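Peer 1: Chain by chain, the residues:
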Amino acid sequence: MPVDPVLLLLDATAQALTLLLVASGLAVTFGLVGVINLAHGELLMAGAYTALALDRAGLGFWAGLALAPLFVGLLGLLLDLLVVRRLRERPLDTLLATWAAALVIRQTVVALFGPASHTIQPPIEGSVLVLGAPYPAYRLLVMALALLVTGLLTWLLFATRVGLMIRGTVADRTLAAASGLAVRRLDAAAFAFGAALAGLAGAATAPLLSIDPQMGLGYLLPAFLAVLVAPAGGPVGTAVGAALVGGGESLVSAFASPVVAQLAVLGGAAVLLRRVAGRRAGRER
Amino acid sequence: MLEVRGLVAGYHAGAPVVLGVDLELAPGRVLALMGRNGAGKSTLLKAILGLARREAGSIRLDGRGIETRPTEWIVRAGIGFVPQGRGVFPGLTVEQNLRLGGLGHHRPVPPATLYARFPVLAERRDLDASSLSGGEQRQLAIARALAGAPRLLLLDEPSEGIQPSLVDALGATLAALVAAEGIGILLVEQNLELAARLADECLVLEDGRVIDRLPGAVLADEPARIERHLGL
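Quick mapping for you: the protein sequence lines, in order, are chains E and L. With this note's numbering, letter number 113 in the first sequence gets 113, and the count goes up by one each step, no holes. With this note's numbering, letter number 215 in the second sequence gets 215, and the count goes up by one each step, no holes.
Keep in mind that the hints were calculated from the coordinates and are not lab data. Bear in mind that the values here come from a model prediction, so they are computed numbers and not experimental data. Some hints could be false.
Just some of the chain L residues that point at chain E, by a computed CB distance under 7 angstroms [what the hints assert, rightly or not]:
| # | residue |
| --- | --- |
| 1 | 1 |
| 2 | 72 |
| 3 | 75 |
| 4 | 76 |
| 5 | 85 |
| 6 | 93 |
| 7 | 116 |
| 8 | 118 |
Restraint ranges, calculated between C-beta atoms of paired labels, are given here [unchecked claim]:
| # | chain 1 | residue 1 | chain 2 | residue 2 | range |
| --- | --- | --- | --- | --- | --- |
| 9 | L | 125 | E | 152 | 33 to 41 angstroms |
| 10 | E | 92 | L | 55 | 54 to 62 angstroms |
| 11 | L | 106 | E | 184 | 44 to 52 angstroms |
| 12 | L | 166 | E | 184 | 54 to 62 angstroms |
| 13 | L | 6 | E | 92 | 57 to 65 angstroms |
| 14 | E | 123 | L | 113 | 34 to 42 angstroms |
Taking beta-carbon pairs under 7 angstroms as the criterion, some of the chain L residues facing chain E (in silico) [stated by the list, open to error]:
| # | residue |
| --- | --- |
| 15 | 71 |
| 16 | 78 |
| 17 | 89 |
| 18 | 90 |
| 19 | 91 |
| 20 | 100 |
| 21 | 101 |
| 22 | 103 |
| 23 | 105 |
| 24 | 115 |
No residue lacks a Cβ here, since even glycine has one placed at the ideal position from N, Cα and C.
Working from the sequences, and respecting the hints, build out all of it.
Peer 2: Structure follows, in structure tokens:
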């Protein structure tokens, strides 16, 4: 069957931007705060379930989209308070502890909503013509949201006092404290903000996906890859990483099986990671 | 006024590097800490700021105990710190370094005021701090610490790694800070000339203990007395 190049391009862009939305939170918690948070997928899932719960409660999808970041942000704050800040200098322990937190969140969701999958109707029905091809309107809205979040993050990091404090803390934690910055509070705020972004991503993508307790797992590896292969730090770097990983997988899967596409992305990411690591080592020398 | 009594501090529990140090530092005074490498000078500065583990003793600032306070609280209370090495935020511009130095403080000193004292930084304001020369980075590190308007400044080897011709200018800048702004300086320094120029008093540390306490004038008048301690 011939492939429509416009649809192919739109699908690849949609997948890249959806991954960007998911990876934006991780770019904050991992890229800036330096925490390898294996519960990121579950925070995304918690956002989707928040949207589901509020939709079922009759408040509608938009209320869920607005409140999911707040709820998941608070969950992130709790996770930082109980787990992450106590293990700051112990990355391996952080890895295990956030994995344990992921299990707790997942099992709590199973206890509350059951193991079966659920769906939410997209709040916007219908399609919009893009370059002559009809494309689902809600999917386009999610793509726009990803770009909006990236713009907001860029502004926050590079044009605000808080962003300057975060960049200073990332550059030299000890010096930041010795300059009078409350680095622990900054860490907690940044971690909670990263969690809130995961919650936003979960709620926004909920109408596009099957909502189930395992839904976060599928996004964890691609999101980490997107942040890791980013040629530069910051939101724009994450956007390039998401384009390479998400867009790349979408394009390859149009011509090969999904397994081959995932293997191709993993192989490509491994090569890019070697280059990125080499460049960073060169800069540090 | 900073008063340290019987301070025991280090990096690991049960392995102190500083062993019962007493000192006082008043605004407008310079106290030099001298000693060989490993004597505990830098650890002492870090312990005062809460960057090293404090095991015993008291640290009081204007009569208030600060030994259990976090670093940012101590810095905001009026103690600036210039660590050994770069002491600047790499990846941020000179101007951003200066703004960051004042962000956590109630009455930050604006960059324009700091540029008046360190004119070379004004010329480099948009450059990445890590691209500056060693001497410029030391000036930026001091200016960053001054951005928080401290009353006391802890300086860890400010002349390290900069050209001898610039050490003199650095000494003039620090002397002006003390004379004009009444800032007290706790100075860890290996450069005897610079220490002699600035210090009102000198403590000599060896193996974490104060082994001698000398008037500053001795550094200039009887350098052999201090050189013996430093193994020069």
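Peer 1: Determine for every hint whether it applies to the structure shown.
Peer 2: Results of checking the hints against the structure:
A distance limit of 7 angstroms between C-beta atoms decides the matter here; for residue 1 of chain L the minimum to chain E is near 20 angstroms, and the interface restraint is violated. A distance limit of 7 angstroms between C-beta atoms decides the matter here; for residue 72 of chain L the minimum to chain E is near 5 angstroms, and the interface restraint holds. Of the supplied interface hints, the one on residue 75 of chain L holds, with its beta-carbon coming within about 4 angstroms of a beta-carbon of chain E, less than 7 angstroms. With 7 angstroms as the threshold, the beta carbon of residue 76 of chain L comes within range of chain E, its nearest partner Cβ sitting at about 5 angstroms, so the hint holds.
Hint on residue 85 of chain L is violated. Least Cβ distance to chain E is approximately 10 angstroms, over the 7 angstroms limit. Given the 7 angstroms rule on beta carbons, the hint for residue 93 of chain L is violated: about 10 angstroms separates it from the nearest Cβ of chain E. At about 21 angstroms, the closest approach between the beta carbon of residue 116 of chain L and any beta carbon in chain E exceeds 7 angstroms, and the interface hint on this residue is violated. Checking residue 118 of chain L against chain E: minimum C-beta separation of about 17 angstroms lies over 7 angstroms; hint violated.
Evaluation of the 33 to 41 angstroms hint for residue 125 of chain L and residue 152 of chain E yields a failure: the beta carbon distance comes to about 27 angstroms. A beta carbon spacing of about 28 angstroms between residue 92 of chain E and residue 55 of chain L contradicts the range 54 to 62 angstroms that was offered as a hint. Our hint of 44 to 52 angstroms for residue 106 of chain L and residue 184 of chain E is violated, since their Cβ atoms are close to 20 angstroms apart. Checked against the hint of 54 to 62 angstroms, the C-beta distance between residue 166 of chain L and residue 184 of chain E comes to roughly 37 angstroms, which is inconsistent with it.
Checked against the given bound of 57 to 65 angstroms, the beta carbons of residue 6 of chain L and residue 92 of chain E, roughly 38 angstroms apart, lie outside it. At about 54 angstroms, the CB distance of residue 123 of chain E to residue 113 of chain L disagrees with the hint of 34 to 42 angstroms. Restraint check, residue 71 of chain L versus chain E: the minimum CB separation of about 4 angstroms is within 7 angstroms; hint holds. At a threshold of 7 angstroms, the smallest CB-CB gap from residue 78 of chain L to chain E is about 10 angstroms, leaving the interface hint violated.
Satisfaction of the interface hint for residue 89 of chain L is found here, the shortest Cβ-Cβ separation to chain E being roughly 4 angstroms, below the 7 angstroms cut-off. Hint status for residue 90 of chain L relative to chain E: holds, with the closest Cβ pair at about 6 angstroms, below 7 angstroms. With a cut of 7 angstroms, the hint placing residue 91 of chain L at the interface with chain E holds, because the nearest CB-to-CB distance is about 5 angstroms. At its closest, the beta carbon of residue 100 of chain L sits 5 angstroms from a beta carbon of chain E; the interface hint therefore holds under the 7 angstroms criterion.
Because the smallest distance between the Cβ of residue 101 of chain L and any Cβ of chain E comes to about 5 angstroms, under 7 angstroms, the interface hint for this residue holds. The restraint placing residue 103 of chain L at the interface with chain E holds, with a minimum CB-CB distance near 6 angstroms, inside the 7 angstroms limit. At about 5 angstroms, the closest approach between the beta carbon of residue 105 of chain L and any beta carbon in chain E falls short of 7 angstroms, and the interface hint on this residue holds. The restraint placing residue 115 of chain L at the interface with chain E is violated, with a minimum CB-CB distance near 18 angstroms, outside the 7 angstroms limit.
The structure fails to meet hints 1, 5, 6, 7, 8, 9, 10, 11, 12, 13, 14, 16 and 24 from the earlier list, while all remaining hints are met.
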